[in-house]
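Peer 1: Chains as they are written, first to last, in this note's numbering: chain A, 55 to 392; chain B, 4 to 285; chain C, 366 to 705.
Do not rely on the hints blindly, as some may be mistaken.
As the list claims (entries may be wrong) - Cross-link-like lysine-lysine pairs, in silico, DSS-like; alpha carbons within 25 angstroms at most:
#1 A/K166 with B/K180
#2 C/K517 with C/K574
#3 C/K396 with A/K166
Since the hints were made in silico from the structure, they are not lab data.
For clarity, every value in this text was computed on a predicted model and none was experimentally measured.
Spelled out from the first residue to the last, the chains are:
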Amino acid sequence: MRPDSDTILVADDVSVRFPIGAGMFGRGGVSLTAVDHVSFSLKAGESLAIVGESGCGKTTLGMACAGLSTPTEGRILVEGVDIAGIGRRERHRMRRRLQVVFQDPMSSLNPKMRVGDIVAEPLVVHRIGSAASRRERVAYLLSRVGLAPDYAQRFPHELSGGQRQRVGIARALATEPRLIIADEPVSALDISIKAQIINLLADLRDEFNLSFLVVSHDFSIVEYLCDNVAVMYLGKIVEFGPTESVLRAPRHPYTQSLLDSIPDARDPERAFSLPDIGELPSPLNPPAGCGFHPRCPRALEICARVAPAPVAPLPGTMVRCHLFGAEGAAAPTFQEPA
Amino acid sequence: MSVAATSPARRLLARYSLLAIGAGFLVVLVLAAVLAPLIAPYSPEQMFARSRLAAPSAAHLFGTDHLGRDVLSRVLFGARTSLYVATVSVAISLAIGVPIGIVAAYYKKIDNIVMRAIDVLFSFPPVLMAIFIVAVLGPGMLNAMIAIGITYIPRFARVIRAQALIVVEMTYIRSAKSIGASTPRILLRHVLPNVTSILIVQLSLNFSTAIIAESSLSFLGLGVQPPQPSWGAMLDQGRAVVELAPWVSIYPGLAIFLTVFAMNLVGDSLRDFLDPRLRGVI
Amino acid sequence: MSAATPQPSPQPSAPMVLDVRDLTTTFMSMKGPLVAVDGVNLSLRAGQALGIIGESGSGKSVTALSLVRLLPPRATTISASRLAIAGQETTGLSPDELADIRGRLVGMIFQDPMTALNPTMRIGEQIAETARRHLSMSREQAHAHAVAMLEKVRIPEARKRADAYPHEMSGGMLQRAMIAMGLSCSPRLIIADEPTTALDVTIQLQILKLIGGLCRETGTSLMLISHDFGVVASLVQRVMVMYAGQTVEQGAVQDIFRDAYHPYTQGLINSMPGGGRDFSGGRRRLAEIPGTMPSLSNPPAGCRFMARCPRAMEVCRTPPPVVPMPNDREVRCWLYAARQ
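Just chain A, same shape as in the assembly:
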């Protein structure tokens, strides 16, 4: 399943802060910490999901990993190379290996360009192949994502949301990348189309041995596509581990709340019987100590004072919660199927 074990993406203590309302000459402003000392690594052929709600910083982190924004602190390493320090030509080469699939199928395709040109653009930009060979590759890519080759002549507004998303995926595959960063790739799609796209991504991952970094608030794609999942809250990763264990036996109370909040048609009353956990705090004014403590049904006294350090209950997992530190030593909450 994993022929090479080299690491394809590393986030090394990454923080991203935005100045808000800076005074004159940039002094005396407040800053918003969108990403707060995040570290993870992704091996070739593996897939990682970053999940969380609005304001948790997952999209900012995803864009930093894609090299579309610069971290305030820390490093992003793509195939072992720090992308902040590389020159223009190297960066250009990197873009062949790393591609992005964006969220909004409406605005992620240039409405004035034909589908064929959109998919071929990465090849043109990187001067790959001749006009004829590009046409062939476009036809191949379109059929691989489930679109008839004659779609190359159409304009985006003639396609449905699901079809546009397929075009975005075809474009991402054009330069044979090793890593694809997907920002909410199925959130804007209908249920039946969502299933098609998730299956497509899983098939492509297996066929081309791709690595995925998926940013999402939707657990369905996490379940079916990703080996590991990182749960973010107010800029920090609060839990990390293999998808199966995090979803079946979440440790962090936030992960638990998140999973519990998803209404399940088979057991609608369950979600309703749980206590209210209140509003998401503004990232501009995070709570002291553990960011989740005001909403946490299992908060301890220490949670309001001290931010928990990450611990690794098992190899390959991490949780940032006092319940699992020296103070807590709690067992993960196992969920028996209803």
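Let chain A serve as the given structure and place chains B and C on it in line with the hints.
Peer 2: Same frame as chain A, but now just chains B and C:
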């Protein structure tokens, strides 16, 4: 029981009839201007000494002016002048204003400086601005084109910048960056095509103001020099004899009015026609 | 009994809040007439809750907007053999009379509170506006009423928040404000169109509980439109599944979920992942429905789902009948026609 809608064919007709009228007139105008040497009854400079200030008649459909020149022929040849000057000056405004607008929208850092400079230019009343430039450069057709062209750069820059600001926030721009597209490619291939609809509208509206500006300059003797015919100059010459021979002023004035009106009709209708939100819903 | 289970189906003698037969809505588009809603029947009694499930293009939102005529009048034709709200037939009414009904008898909650609320008006003012119009209150009374409504939807510091502008509030708060607005004139029916789709998961749950609780408390009927079975199942007793402008299945929500009749409904339910709770591991595939919904400007002659249906038959080329099934269920499918 039903709540009925009016037929789509009728609504289509109502909406686009104005566009059709305006466009039709402009086509006639352009043909008239292009074919002037063929269809004008006389040369615009030919003086009929015995028929000065003659009222409209079979021989001179629009009458003659104080030098005995046929007004109809002069109006036809004047159309050439007006259209030529308007086209070139709009092209100048476009060629300079559009890149400024796009670059200002893309590079937020220089946006401020550039737009403040544009605002300074914008604060001058346009015709005064044109007069000032011509005064500096000297009268003449070429200088009139340059003057009018420069005067309307801020208008283009502002309108294009507003649209480009919206485009620059679109995900497909970020997507192009993620592919590794160079900045010139992004500006030319992704931003520019998506501001063309607003550009077309601005272009057509600007055309009519350019016609007025040219006429104003010629009226003041600062534009096209005699004996070359120009509607504005004809208005100026007709002033002195407006009680005796109103036709000398009426016909060129009517020509200016109809051209500007038609151009505005086209511009307004184009704006509606090209608005993607209105497309598909009648 | 849990916090938000709706009451069991009321007595048959409960008054009809919504009685709609053969609702058909046609849009005039550049490509010709487009039938967005094709012969839909709806009925809802006081205190009941109905869910409408469908994907984009199914006609679910257009159905709701057609009931209160919130569609562009010149481009839309709405027809029905019966369209009664709270017993009052609405098809012949003038725009003023319709405006009267909206707000007084029917409250609406839309999907995106950011765009559904006027950004230049304070929240309290917008709620007070409906109260003044429909309940003939004075300015002060209406303002006090608005604050009371904001408290009812559990917005903290309601008095202060009433003076806030929409952009100063979070998505969840705004949706609560919209609910307050919808309920402010004590309508008989609330129509909620994807009320939680734009919200985060944890906030979504709170809003659903709020809507369910308030409707139960005030005896208001609820029509909940969504693409999410889970969201709908948590609040309603009956659900209607729509596909390409038609109803394909109707029945009690648990019955349908346990044992859906129509192949589209089955496909939809199978496309839904287990929501994290039922995870059985491994890289397996989601069951998917191939293809896409047909374009409504040129719908297929027979069953509209035929091209994507795993159980399509020759007879499906002709329009399938609506077959009544036991337990007050209905399905539009040839597979069940023999039982008629």
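Peer 1: Within a Cα-Cα threshold of 25 angstroms, do A/K166 and B/K180 meet the stated pairing?
Peer 2: At roughly 17 angstroms apart (the allowed maximum being 25 angstroms), B/K180 and A/K166 satisfy the hint.
Peer 1: C/K396 and A/K166: Cα distance at most 25 angstroms?
Peer 2: Judged against 25 angstroms, a Cα distance of about 21 angstroms means the pair holds.
Peer 1: Sort out whether C/K574 lies within 25 angstroms of C/K517, counting only the CA atoms.
Peer 2: The hint holds at about 13 angstroms.
When held up to the earlier numbered hints, the structure conflicts with none and fits them all.
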